[in-house]
Amino acid sequence: MRQQKYERLNFWQQKNIVNNLFSQIISASRRTDIPSFFADWFMKKIRAGYVDVKNPYNAKQVRRVSLLPKDVAAVVFWTRDFSPMLKYIDELNERGYKYTILWTITGYPRIYEPAGPALQYSIDALKKTSEKIGAERIVWRYDPIIIDNTLTPEWHIKNFKNIARQISRHISHIIISIMTPYNFVLKRMRRRGIFVKNDPLSEPEVEKMFFELHRITKRLGISKIQSCCQNNILLPFGIGDGACIDAKWLSRALNVNITYQKDAGQRKNCLCTKSVDIGEYNTCPRKCIYCYAVK
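Numbering (my numbering), first residue to last: 1025 to 1319.
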């Protein structure tokens, strides 16, 4: 039926929707760090041409997702360390895959990220990857931003500036967000003696911090800093909401034509275009204390 409807369209209509009708964006993954820990598994699935994905809310429901190049408009990797995937870049290119990276670097102390990569290692790894695939395909995620007695606004300004200075020429843009206070995350943090600010934006120092993050971004010549799922609460500081899986960014960075489709499976204020996530919750061994994907 979809094929018949497609054939009735004229050439330009076909051209404008082809990536959405016959191919899909693969998210790898919001649920776990595939590049860091499951790179070999990912490539095994690429070579097989498909992956079976469990419904995270009903393990008995399994969906077979095609990974054939003709069915994949783009792969969006989410990671803290893409290095294990670098050995496969040439193969992905030869097979015709197009991909981008959402790369998280926070530099938080070990109590927040027990198995997180060291800060300088992360910076050097991102730069190396950028030199291999190009800066336009990498976005730096400085999120979630946690405000407490250790991670103060002053700490974040200094930390953000240090990272941004080193990677400014190696990224497309920046995504930030304030930590979402899910109860299961707050309980986990309290067990470690970490108590976050309930309403950080009510504090003048936090407002000053967001102004400063925006100013640092502009001063370093980075194209933009945007927020994720914040309902534009950071707009007064020059930081508007944007998409992580962004149809415009993907189209520009990968030289493809991807049109926006609302992803109904994401949070209310999410602006990401529709994708298929192939990861599995509760599988990432990093054990970041604030992680939304591990319970």
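Some hints could be false.
Only pairs whose alpha carbons sit at most 30 Å apart, straight line, appear in this in silico BS3-like list of lysine-lysine [to be verified]:
| no. | residue 1 | residue 2 |
| --- | --- | --- |
| 1 | Lys1292 | Lys1152 |
| 2 | Lys1221 | Lys1152 |
| 3 | Lys1068 | Lys1298 |
| 4 | Lys1211 | Lys1156 |
| 5 | Lys1078 | Lys1182 |
| 6 | Lys1292 | Lys1151 |
| 7 | Lys1292 | Lys1311 |
| 8 | Lys1242 | Lys1156 |
| 9 | Lys1122 | Lys1151 |
| 10 | Lys1182 | Lys1111 |
| 11 | Lys1211 | Lys1242 |
| 12 | Lys1111 | Lys1311 |
| 13 | Lys1292 | Lys1211 |
| 14 | Lys1311 | Lys1068 |
| 15 | Lys1094 | Lys1069 |
| 16 | Lys1182 | Lys1094 |
| 17 | Lys1248 | Lys1152 |
| 18 | Lys1151 | Lys1069 |
| 19 | Lys1242 | Lys1151 |
| 20 | Lys1151 | Lys1272 |
| 21 | Lys1242 | Lys1094 |
| 22 | Lys1232 | Lys1122 |
| 23 | Lys1242 | Lys1232 |
| 24 | Lys1084 | Lys1242 |
| 25 | Lys1221 | Lys1232 |
| 26 | Lys1221 | Lys1292 |
| 27 | Lys1248 | Lys1286 |
| 28 | Lys1094 | Lys1078 |
| 29 | Lys1272 | Lys1084 |
| 30 | Lys1078 | Lys1242 |
| 31 | Lys1151 | Lys1248 |
| 32 | Lys1084 | Lys1111 |
| 33 | Lys1122 | Lys1069 |
| 34 | Lys1248 | Lys1211 |
Simulated from the structure, these hints should not be mistaken for lab results.
A quick look at each hint next to the structure:
A threshold of 30 Å between alpha carbons decides the hint, and for Lys1292 with Lys1152 the separation of about 35 Å lies outside it, so the pair is violated. Restraint check for Lys1221 and Lys1152: not satisfied, since their Cα atoms lie roughly 36 Å apart, outside the 30 Å limit. In summary, the hint linking Lys1068 to Lys1298 is supported, as the alpha carbons are separated by about 24 Å, within the 30 Å threshold. Taking the CA atoms of Lys1211 and Lys1156, the gap is about 41 Å. The hint is violated against a cut of 30 Å.
With a C-alpha separation of about 41 Å, the suggested pair Lys1078 and Lys1182 falls outside the 30 Å cut-off, and the hint is violated. With a C-alpha separation of about 34 Å, the suggested pair Lys1292 and Lys1151 falls outside the 30 Å cut-off, and the hint is violated. For a cut-off of 30 Å, the pair hint linking Lys1292 to Lys1311 stands: about 26 Å separates their Cα positions. Restraint check: the Cα-Cα separation between Lys1242 and Lys1156 comes to about 25 Å, which is no more than 30 Å; the hinted pair holds.
Taking the CA atoms of Lys1122 and Lys1151, the gap is about 19 Å. The hint holds against a cut of 30 Å. Annotation: proposed proximity of Lys1182 to Lys1111 is violated, straight-line Cα distance about 34 Å (limit 30 Å). Annotation: proposed proximity of Lys1211 to Lys1242 is violated, straight-line Cα distance about 37 Å (limit 30 Å). Of the supplied pair hints, the one linking Lys1111 and Lys1311 holds, its CA atoms being roughly 26 Å apart against a limit of 30 Å.
For the hint pairing Lys1292 with Lys1211, the CA-to-CA distance comes to about 23 Å; that is within 30 Å, so the pair holds. Using a Cα cut-off of 30 Å, the hinted pair Lys1311 and Lys1068 holds, with the two alpha carbons roughly 25 Å apart. In summary, the hint linking Lys1094 to Lys1069 is supported, as the alpha carbons are separated by about 15 Å, within the 30 Å threshold. For the proposed pair Lys1182 and Lys1094, the alpha carbon gap of about 45 Å is over 30 Å, so the pair is violated.
Between Lys1248 and Lys1152, the direct Cα distance comes to roughly 22 Å. Compliance with the 30 Å bound is thereby established for this hinted pair. Restraint check for Lys1151 and Lys1069: satisfied, since their Cα atoms lie roughly 27 Å apart, inside the 30 Å limit. Under the criterion of a C-alpha separation no larger than 30 Å, the hint pairing Lys1242 with Lys1151 is consistent with the structure, at around 20 Å. Note on Lys1151 and Lys1272: the hinted pairing holds, with a Cα-Cα distance of about 23 Å set against a maximum of 30 Å.
Between Lys1242 and Lys1094, the direct Cα distance comes to roughly 39 Å. Violation of the 30 Å bound is thereby established for this hinted pair. Note on Lys1232 and Lys1122: the hinted pairing is violated, with a Cα-Cα distance of about 39 Å set against a maximum of 30 Å. Using a Cα cut-off of 30 Å, the hinted pair Lys1242 and Lys1232 holds, with the two alpha carbons roughly 16 Å apart. Between Lys1084 and Lys1242 the CA atoms are separated by roughly 49 Å; this puts the pair beyond 30 Å, and the hint is violated.
Distance check on the hinted pair: Lys1221 and Lys1232 sit about 16 Å apart at the alpha-carbon level, within 30 Å; holds. For the hint pairing Lys1221 with Lys1292, the CA-to-CA distance comes to about 23 Å; that is within 30 Å, so the pair holds. For the hint pairing Lys1248 with Lys1286, the CA-to-CA distance comes to about 22 Å; that is within 30 Å, so the pair holds. Taking the CA atoms of Lys1094 and Lys1078, the gap is about 23 Å. The hint holds against a cut of 30 Å.
Proximity of Lys1272 to Lys1084 is assessed by CA-CA distance (about 35 Å); at most 30 Å being required, the pair is judged violated. Taking the CA atoms of Lys1078 and Lys1242, the gap is about 42 Å. The hint is violated against a cut of 30 Å. Of the pairs offered as hints, the one joining Lys1151 and Lys1248 holds, with about 19 Å between alpha carbons and a cut-off of 30 Å not exceeded. Between the alpha carbons of Lys1084 and Lys1111 the distance comes to roughly 34 Å, so the proposed pair goes past 30 Å and is violated.
Only pairs whose Cα atoms come within 30 Å are accepted, and Lys1122 paired with Lys1069 is accepted, the gap being roughly 16 Å. A hinted pair counts as satisfied when its Cα atoms are at most 30 Å apart, and Lys1248 with Lys1211 does not qualify at roughly 34 Å.
Checked against the numbered hints above, the structure breaks hints 1, 2, 4, 5, 6, 10, 11, 16, 21, 22, 24, 29, 30, 32 and 34 and satisfies the rest.
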